[in-house]
Structure formats: structure tokens, C-alpha cells
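Chain by chain, the residues:
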Amino acid sequence: MSHAAAVHETRRFMPGFGIYNAKLGIWVFLLSEVMFFTSLIGAYIILRFAHPEQFAAPGAVLNVPLTAINTFVLICSSVTMVKAYAAIAQDDQAGLKRWLLATIVLGSTFVGVQVYEYIHLVGDGFVANASAYAAEGGPLYGSTFYLMTGFHGLHVSLGVLALAWILLRAMRGEFSSKRLGGVEAVGLYWHFVDLVWIVLFTIVYLI
Amino acid sequence: MNWLLDPSVSTFGPDIDRLYYIILFITGVVFVLTEGLLVYFLVRYRRRPGQRAEYIHGSTRAEVIWTAVPFLILVALGLMSKPVWDRVKEPSVFPQDAYELRLVARQFEWEAHYPGANGDPDAPDAFSVLNRFHVPANEPVVIHLEAEDVIHSFFVPRFRLKQDAIPGRSIPIWFEITEPGEYDLGCAELCGLGHYSMDGMVIVQSRSEFDAWNAERRTAAREAAGAVVAGRSGSDAGEGEAVSIEGGS
Amino acid sequence: MSTAAAGARTDWDIPEYAGEHHQELSFLRRYVFSTDHKVIAVQFLVMSLVFLALGGFLALMMRWQLGFPGQPMPGGSVLPESMAPGGIILPEFYNSLVTMHGTFMIFFAIMPLLVGVFGNLLIPLQIGAPDMAFPKLNMASFWLAVPAGFIMLTSFWVEGGAAGAGWTSYAPLSASGDYTGVYLGQQLWLLSLFILGFSSIAGAVNYITTVVNMRAPGLTWFRLPLTVWALFITAILVLLAMPILAGALIMLLSDQTLGTTFFLPELGGEPLLWQHLFWFFGHPEVYILILPAFGIVSEVLANGARKPVFGYHAMVLAIAAIAFLGWIVWGHHMFMSGMNPVLGTTFMVTTLVIAVPSAIKVFNWLGTLWKGNIHFHVPFLHAAAFVSLFIIGGLSGIFMAAAPVDIHIHDTYFIVAHLHYVLFGGSLFAIFAGITFWFPKMFGRMMNTLWNRVHFVGTFLCYNLVFFPMHGLGIEGMMRRLYDPTQYGWLAELQPWNVFITYAVFGLVTFQVVFFVNFFLSIWTGRKAEANPWRANSLEWSVPSPPPHGNFMAMPTVYRGPYEYSTPDGEEDFILQSASPRESERPPSDGTRSRAALNEEEST
Chain E
1 MSHAAAVHET
11 RRFMPGFGIY
21 NAKLGIWVFL
31 LSEVMFFTSL
41 IGAYIILRFA
51 HPEQFAAPGA
61 VLNVPLTAIN
71 TFVLICSSVT
81 MVKAYAAIAQ
91 DDQAGLKRWL
101 LATIVLGSTF
111 VGVQVYEYIH
121 LVGDGFVANA
131 SAYAAEGGPL
141 YGSTFYLMTG
151 FHGLHVSLGV
161 LALAWILLRA
171 MRGEFSSKRL
181 GGVEAVGLYW
191 HFVDLVWIVL
201 FTIVYLI
Chain H
1001 MNWLLDPSVS
1011 TFGPDIDRLY
1021 YIILFITGVV
1031 FVLTEGLLVY
1041 FLVRYRRRPG
1051 QRAEYIHGST
1061 RAEVIWTAVP
1071 FLILVALGLM
1081 SKPVWDRVKE
1091 PSVFPQDAYE
1101 LRLVARQFEW
1111 EAHYPGANGD
1121 PDAPDAFSVL
1131 NRFHVPANEP
1141 VVIHLEAEDV
1151 IHSFFVPRFR
1161 LKQDAIPGRS
1171 IPIWFEITEP
1181 GEYDLGCAEL
1191 CGLGHYSMDG
1201 MVIVQSRSEF
1211 DAWNAERRTA
1221 AREAAGAVVA
1231 GRSGSDAGEG
1241 EAVSIEGGS
Chain C
2001 MSTAAAGART
2011 DWDIPEYAGE
2021 HHQELSFLRR
2031 YVFSTDHKVI
2041 AVQFLVMSLV
2051 FLALGGFLAL
2061 MMRWQLGFPG
2071 QPMPGGSVLP
2081 ESMAPGGIIL
2091 PEFYNSLVTM
2101 HGTFMIFFAI
2111 MPLLVGVFGN
2121 LLIPLQIGAP
2131 DMAFPKLNMA
2141 SFWLAVPAGF
2151 IMLTSFWVEG
2161 GAAGAGWTSY
2171 APLSASGDYT
2181 GVYLGQQLWL
2191 LSLFILGFSS
2201 IAGAVNYITT
2211 VVNMRAPGLT
2221 WFRLPLTVWA
2231 LFITAILVLL
2241 AMPILAGALI
2251 MLLSDQTLGT
2261 TFFLPELGGE
2271 PLLWQHLFWF
2281 FGHPEVYILI
2291 LPAFGIVSEV
2301 LANGARKPVF
2311 GYHAMVLAIA
2321 AIAFLGWIVW
2331 GHHMFMSGMN
2341 PVLGTTFMVT
2351 TLVIAVPSAI
2361 KVFNWLGTLW
2371 KGNIHFHVPF
2381 LHAAAFVSLF
2391 IIGGLSGIFM
2401 AAAPVDIHIH
2411 DTYFIVAHLH
2421 YVLFGGSLFA
2431 IFAGITFWFP
2441 KMFGRMMNTL
2451 WNRVHFVGTF
2461 LCYNLVFFPM
2471 HGLGIEGMMR
2481 RLYDPTQYGW
2491 LAELQPWNVF
2501 ITYAVFGLVT
2511 FQVVFFVNFF
2521 LSIWTGRKAE
2531 ANPWRANSLE
2541 WSVPSPPPHG
2551 NFMAMPTVYR
2561 GPYEYSTPDG
2571 EEDFILQSAS
2581 PRESERPPSD
2591 GTRSRAALNE
2601 EEST
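Residue numbers (the numbering used here), protein chains in the order written: chain E, 1 to 207; chain H, 1001 to 1249; chain C, 2001 to 2604.
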């Protein structure tokens, strides 16, 4: 083991951006995620401009206050994620676990509220299926709404799973102030998902 | 192997053909020069005993030249193309007072809708024909292209005209044909099983012949419409059969 | 693998070099679920060669139908009734052939060959790294591609047959099975490409991270081999383009299955939205399919000519320029779609401009040969053929870039000729150059040269006999994707050409059999290869063929660029990038700059 450590000490690759692999990798991956949401949001914008009559006024169909609270929950979860990272950066193992758990709880709450919202919307006839659409506006409204919020929700759910995995590793004591790549990488992903939601909330619910 | 185009019969056809031949000439010269140089180098600099390649990394001057020259040629091609493109495709500069009709593409046929004598597309003497449709020669014709199911593409090679028909849209195209005759129409966009059999014919006639054909069709349509009305009020004449008449030039 | 060293961050998690570990792997870990980039490259190679053969086989059936429409295909009676009753190909099966030929070749043959095989093989070896940055992710990338390919292949045998709306799957034809009779097949097509997207993105993340972070000491950006440059920029395109396709695929799949109407016009959907999304992905994709080929060809031409690549910096800039401009030309695929003519003019201009960097590359390749000492080894033959065929493919592209001329030749065999000159004459010839060049590094043996030459000559001749006449068919107005051209009066006259092309395709396919047999036989029976059979410079040639797990015994140090062939000093006409500096390369003691430094400046 000490041999391997010595080897690492002697390694000097050409400097890239000075960011270690896991962190650079997650940044690169997030660029690809940006393009994915760009395609969904781009399609939404094009369809909305082409068929404004199919899109109901803000708040007419969607529950804006509830989702605003939910947005606040997700923003809070970003704060707790920062706290988790700050804790392990100072070798505070208990703090890391505590704040990770808080992030997981908040993230799960967000997904739960979204499911609750979906159930009510479907009950009101706001569905993705064009032939069953019965709410204000037109079927494109339902299609684009579920497409964007659904894939965002999927990302949040995967993020919660990733956080649970990180929490498991934290409980095994795998992280330290010298070794916190996993926490940082999942944290970056979590902030990205949060950021995407703020964009989605604005263009889907508010505008 | 034929690099020469069949003669075009539309008024803008020669513009397109000229551009084609200009590009054919430029690319032909570049082709001969580059391929010739390639073969020459391969022969001239083949391995020989005692020979050593020259240690050359490049030349900034050469890079500048072979960046600038193609750039200028290509920009020039763009400048030559723009007016031709606008003439064919820009609806705001389409000729005025054109003869207008509606062409609907569907799996796997073309249906041309002609207005009645008063220009009203819903008049009782308005009619439609399948696959073989007539237009007047030596005057501008505007076709409003529509599709009922999937995307098709209106393509008459001799007109030098192609335009996709998009369901949910009506796209205007125009042409003026200088030579009466029968011209093949094809579908250029994969549209399903019968894509290969979606052929049609555009019959270009002098104005007088076209008017005669048109009048004959209108009369038939009016009679059919009358028959329908009569049929509804008691008679058992065939219902609306003649509204859509296949073929017949 | 690593432990915390006092005082330093240990998140780098770099795989170990060959000299740093002694670990015996089980058969399964070594050949099946391997994390070694070289094994993964070979796995991708075998998978994509299988799909290349399958795609060729589909093309053969299409050509039979085009040459001899309605006649029973020899041996075709083994196909089920739903495809070819009595050996006579049905129109619906023909549409599936068209679609799946394109899909197989683009997504499961050319793309994995260039990106999966050469990216995996060359990136770590040529930058002096022990492996990829994320070896497990790399393994996942391959094992996602396999089920994707399997789903795509099996869709032939589901109810309704395989997808039949073309590899571009234009909506609404593809958005509802009611138009084609293909329901499940189209959905499997979408699902397969979606999974393949994950595989590609995983690969791209790996390549980018590896190139940025794991270059050996001394290997500055402008000492990278052009293959690494090309693959690095390609990875960026993959990373940014595939998610766009993923978004479009999801929307189309939900139109098919969930009853949404993104692309179905009856209820307000926009068919052209699909085309915009598809080509916004699709045009960068086109460059994904050619940029790595540029890199391979530059590498092999310099090696054959024993000369530095002419204008190395211009080559890098040209690749970067193409990758950038590639994002703003997608509309030229849609000149006839009825989009605003002003937009058409814009796309025409950008499209004409993107021809410039391609021209720069051709001229620099010619410059590389100029005053060389050319060794006509098999990889070089393929690379030279690439240049000659890419010139044709590039020039024919100008006809279509000029929108008014495109009015006549859009969606005709002219475009079929053009795209095959770029993808077959271009990419595939570069792939042949790459496979024959790096075969010894992959398998430790040489391919049989005589049969390789037979394959080259036959392929080059038959290739041109097949695809050159297609330009003429397009000029005459023969449309693409036609099941039976004789149904159109004016195309029936051209039938002798279609018969001729079909015969030429038989020849082309025969010569590919030569290659496949030679390839697989040489893996076991070829002559043992030494470390550097081509007397080349880059780092992969400094290690045994095949390199051990971990590639290099210890981290190599790089002292010079990759194309220092025929330097005026030195006995040999090549010098490894990692060979210790010669006297002439050391900075002179009198304060003047070294010759090497001067050369570096000259070339900029």
C-alpha cells in the first residue's frame, strides 16, 4: 500500500485544468445534461410559439403556490448539500452524514410533492395523451409539461439514489478532507438539477 | 454516366442549370488539379534507395493562400446562388396574377384541386383530379402544396422544382413553363410502402387547350353536383362520383 | 488501488502502469468484463465489424431489388413470408432494409469503429497513460452498446418488421405506426438508439477527461498526435450532440406509445420540429463520422511519406473550425422542407464556408506527400485512397450546398453518391487504414500483406464502379429510397445503370470477404509483430505489441512532437516521442535557441 502511495506522489501528468478526474468527469457529463435539457426546453419554446392557443395562462391549470413551496424545498436541499461538503472538508464525519441525510429528505420531499401534483393534475384531465386531454389549453401543453417536469423528476430521483449511496459510503468512513471526490461530484450534479428546476419553474409555471 | 442535365422547361430552370454548370466547371478543375497532384506526388516521391524525405513542417504562406482562395470562390458561389434561390423559393417575389391551384399529397397519390370559373374553390363547378393534372403554359402558376398524412415531396425534374409537402401546412410554389408537354412528377421523400409508386404527370397546355379542358371538367363537376342535389331530393343518381375524376387529359 | 498520502489530495484515482501492479485476472475479467482500454477497443472492433458485415448484407439485398426488381433473390426464399415471400423482396421489407442499412452503418459500424475502437485504443497509448480515466465507465460504455445493437437487430423479427421510415425517421411517418404498419419495430429502433446514446456519452466523458488530465509529462497540447486531437474534438461533439438526439427520441417514442402529439400535426404537433432536432444532432454527427478519420489519415500519410505532417497547427485548427461550424449548418438538410427562404440563404452561406477547412486539410495532406520518400504499405494505400475519394465527396457536397442546385438533386441518388463518397470512400477507407496500421498493436501479429493488397485494389475499383455512376442517376432525377425505380417512366430508361451497379456491388462485397477472412486468420496465424513495425514516432510504438495491462512499465516522458520523421540529424528517419533528447535538441549553451524550437515556430 505504501508503495502505491509513493507511486502516486511521483506521478506528474501534464496539467489540464488542475481538476481531479471525478470532478472533471462530472463537469463534462453535466455539459451533456445541459444539451439534453436544451433539446426539451427548445422543443417547448418552439411549440409554444407555434401554438400559443394550446397553452393555458399561468396558474390556470398548474398549482403555482404549491410548486413555489416545492421549489423552495429544492433550493434548501442545495444549501444542505453545501453544508455536507463543508463538513467533510473539515473532517467532520458526523456533520457530513447529518447534512447528507437532510439533503436526501428534502430531495425526496420534492419528488413526493411532484407525484402528489401529478395525481391531482391527471384527475383534472391534464394529461399527456392527446385524445384524453380535458383541461384548459391543448394537448401540447400536457405533453410538454410532463416531458420536462418528468425528466427533471427522474433526475432528482436518481440524485436521491446517488446521495443515498454517498451516505452509505460516508457511514463506512470512506471520505475525509483529503478524499471527498464522491461528495463533491454528487454535489455538483445536485446543484445542476436544482438549477435546471429554477429554469423549468420559471418558463413552465410562471411565464 | 451523365453529367449533363436534361433540358429544363421552366423560366427559372436555365438559372439553376447555369449555376450547376459553373459549379461543375469549378469542381471539375479542382478535381483534376488535386487528383493529378496526388498521383504525381505518389509517383514522383515513391521510395527510392538513398532518398530521404525533406524535413518540412509547413508553410504559413501556403496555408494563407489555400484558405483564402477556396473561401473567396465559395463566397462567390453563395453570391451567385442567392438571387436564383430567392427567385424560385421566396413567396414575396412570386409573380403576380398567377394561375392558382391546390395540390394535396397523400399516401400514395396527388390530388389537384381547381377552383370554379369565378375563382371560388368551393364553387359547385370546382373540381379535382388525381395524379394527372393540367396547367397552362407560358404563364406563372402558383401551387399551394399540402399533405394529408405524412411528408411527401413534389419533384418534377424537368421543371427543376422540388418542394416538400408538410402535413398541417400549405406551402406555395411557383413555375412558368415555356414548353407544352407532359412532364413526370415524382415523390422525393420516403412516405411509406407505396413511395415508389407515387408517380404523377403534369400536363402543360397552351392557354386555349387548358381553358377547354378546364371548362369540360367544370361542366362535369357542376352536373355531378347537380346530380347530388337532385339525389338528395329524391332521385337515386350516383352520389358525388364525378367530383374526383381519375386521369383523363 | 490508492491510499491517502499525507498532505495531498488523493482523488485522482489514476489506474496503474504495467510496472506498478501484479494482478492475475480471471478469464471473464480479462476478456469479457475487462476494464482494459485495449481489450474494450478489440471488443468494439469485433462488434462493429459484425454490424459492418450485416449492414453490407442489407445493402446487397437492396441492390438486388434495385437491379432486378420483383425477381426472386437467390437464396432469398429462406427469409420469412413477411419479408420476402418466395425470395421476392416486399416494399415494406425494402423500407426496413433502407432504414436499417443506414442505422447499422452509421450508429453501429462507422461510429463505434472510429470512436469506440480507435478512441479506446489510441487515446491512452498515444498520451502515455496507463488506461482511461474511468476504466469501469469505459467497460459500461461497451456493455451498453451491445444490448443496443441486439435490440436493433432483433427488431427485424418482431410483428410488423423493423423500422421503415429511413435512418432519419422523419415524423410523422415515424411518429405513428398507422402510416407504415411498423409499430414495435420503430419503438425498438428508438429505444436502441437511446441506449446507444448513453454508451456514447459515457465514452465521450472518458475520452475528454483522459486527454485533459492524463497526458504524460512533456506531451503538451501541440505535441499530441492528430488522432488524439481529432478524437478529443469528436468526443466533445458526441458529448453535446447525442443528448439532443436523446431528447428527440424520447418525444418521438412518447408520440408512438403515450399518445402525445409533439410531431403529429393533427393536434398541433410540428413535423419540422423533428427535423430541426434531428439535424441539429445529425450534422455534428456527420463530423463525428469523419473527424477521427482525418486524424488516422494524417498519421498514416506522414508515416508512409516519412515526413512531418504538413501544417500541423493548421490541421488542428481546421478540425476545430469544422467542429464549431458543424453546429450552424444543419438547415442544409432541410432546404426543401419549406422553411423560410431567408433562413435557407443563411444555411447556404455557413455550409459553403464549412467547405474551407475541409479544403485546407486536403491541401495539407498533399503537402505532406510533397518531397516525401513514400513507402506504399497497406495502411498508406488506404490513406491515399481516402484523400482521393474524400476530394470527390467534398466537391460533390458543393453542388448540394448551393441551395438552387440542391432543388434539383436533393433526395436523389446524387446525395446517395455524395454521402457514400464521404462515409465509405472517406471514413471506411480511413478505418481500413487504421485497422491495418494498428493491427499489430492490437493483436501482436501482422496482417497478411498480399491479401490486404488484393482487398485494397479490389475495394478501390469496385467502390468507384458502384458509387460514381450514382452521381449520374441523381442528375437524371432518380429519387432515394425507391423500392422499384422501374415504376417511374423516366427512371425505367436508367435501369441498365442500376443493373451495372448491382453487379459492381457483388464484386465489392466479395473483396470485403477477403478482408474479413484475412483479419480473423491473422489474429491467430499472422507473423509476430515487433514493437514498432512501421518505424513510427508516437508513444504506442515504444511498448511491446500488444502492450501489457497498464501499457507502459512506468510513466514515459515526451521530448518532441509526433511527426519528427526524416530529421536532418540521426541515422534513422524516425525518432520516438519518448526517446531521450539528441545533442541537437538540447538548448545550446550559447543562449541561441535550439533547432527544434526554431522548427516549432516555423510551423505555426
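Hints may contain errors.
[Stated by the list, open to error] Within a straight-line C-alpha distance of at most 30 Å, the following computed DSBU-like cross-link-like pairs (lysine-lysine) qualify:
#1 E:Lys97 / C:Lys2136
#2 E:Lys178 / C:Lys2371
#3 E:Lys178 / E:Lys97
#4 E:Lys23 / C:Lys2136
#5 E:Lys97 / E:Lys23
#6 E:Lys83 / E:Lys23
#7 E:Lys178 / E:Lys83
#8 E:Lys83 / E:Lys97
#9 E:Lys23 / E:Lys178
[Unchecked claim] Label-pair restraints from in silico Cβ distances:
#10 C:Phe2506 / H:Gly1194: 24 to 30 Å
#11 E:Ala164 / C:Trp2327: 48 to 54 Å
#12 E:Ala164 / C:Leu2258: 43 to 49 Å
#13 H:Pro1121 / C:Ile2328: 39 to 45 Å
#14 H:Ile1026 / C:Val2146: 44 to 50 Å
#15 C:Leu2258 / H:Pro1091: 49 to 55 Å
#16 C:Pro2072 / H:Pro1091: 45 to 51 Å
#17 C:Tyr2503 / H:Ile1026: 43 to 49 Å
#18 E:Ala56 / H:Pro1091: 42 to 48 Å
#19 C:Pro2080 / H:Ala1212: 51 to 57 Å
#20 H:Ser1059 / C:Trp2327: 52 to 58 Å
#21 H:Ile1026 / C:Leu2317: 22 to 28 Å
#22 C:Val2078 / H:Pro1172: 35 to 41 Å
#23 H:Ile1022 / C:Glu2530: 50 to 56 Å
Think of the hints as simulated: they come from the structure by calculation, not from any bench. Ideal Cβ placement from N, Cα and C applies to all residues, glycine included.
So, going through the hints one by one against the coordinates:
The hinted pair formed by E:Lys97 and C:Lys2136 meets the criterion: a straight-line CA distance of about 27 Å does not exceed 30 Å. For the given pair, E:Lys178 sits about 56 Å from C:Lys2371 by alpha-carbon distance, which is inconsistent with the 30 Å threshold. The suggested pairing of E:Lys178 with E:Lys97 holds, with an alpha-carbon distance near 17 Å, which does not exceed 30 Å. Note on E:Lys23 and C:Lys2136: the hinted pairing holds, with a Cα-Cα distance of about 16 Å set against a maximum of 30 Å.
For the proposed pair E:Lys97 and E:Lys23, the alpha carbon gap of about 21 Å is at most 30 Å, so the pair holds. For the hint linking E:Lys83 to E:Lys23, the alpha-carbon distance of about 18 Å falls within 30 Å, and the restraint holds. Restraint check for E:Lys178 and E:Lys83: satisfied, since their Cα atoms lie roughly 17 Å apart, inside the 30 Å limit. Distance hint between E:Lys83 and E:Lys97 is fulfilled; the C-alpha atoms sit about 10 Å from each other, no more than 30 Å.
A distance of roughly 14 Å separates the Cα atoms of E:Lys23 and E:Lys178; the hinted pair therefore holds under the 30 Å criterion. About 29 Å separates the C-beta atoms of C:Phe2506 and H:Gly1194, a value consistent with the hinted range of 24 to 30 Å. Taking 48 to 54 Å as the suggested C-beta distance range, the pair E:Ala164 and C:Trp2327 does not conform, at roughly 38 Å. Range check, E:Ala164 to C:Leu2258: about 29 Å between beta-carbon atoms, so the 43 to 49 Å window is missed.
For the pair H:Pro1121 and C:Ile2328, the supplied restraint of 39 to 45 Å holds, since their beta-carbon distance comes to about 41 Å. Separation of H:Ile1026 from C:Val2146 is about 47 Å and conforms to the stated range, judged on CB atoms against 44 to 50 Å. At about 37 Å, the beta-carbon gap between C:Leu2258 and H:Pro1091 misses the expected band of 49 to 55 Å. Here the CB-CB span from C:Pro2072 to H:Pro1091 is close to 49 Å, well matched to the stated 45 to 51 Å.
The hinted window of 43 to 49 Å between C:Tyr2503 and H:Ile1026 is violated, with their beta carbons roughly 33 Å apart. Separated by about 33 Å at the C-beta atoms, E:Ala56 and H:Pro1091 break the suggested range of 42 to 48 Å. Checking the proposed 51 to 57 Å range against C:Pro2080 and H:Ala1212 shows it holds: the Cβ atoms sit about 54 Å from each other. In this structure the supplied range 52 to 58 Å is violated for H:Ser1059 paired with C:Trp2327, their Cβ-Cβ distance being about 31 Å.
The beta-carbon spacing between H:Ile1026 and C:Leu2317, approximately 25 Å, falls within the hinted interval of 22 to 28 Å. The given range of 35 to 41 Å is broken by C:Val2078 and H:Pro1172, whose C-beta atoms sit roughly 50 Å from each other. Look at H:Ile1022 against C:Glu2530: about 54 Å separates their beta carbons, and that is inside 50 to 56 Å.
Going through the hint list in order, the structure does not satisfy hints 2, 11, 12, 15, 17, 18, 20, 22.
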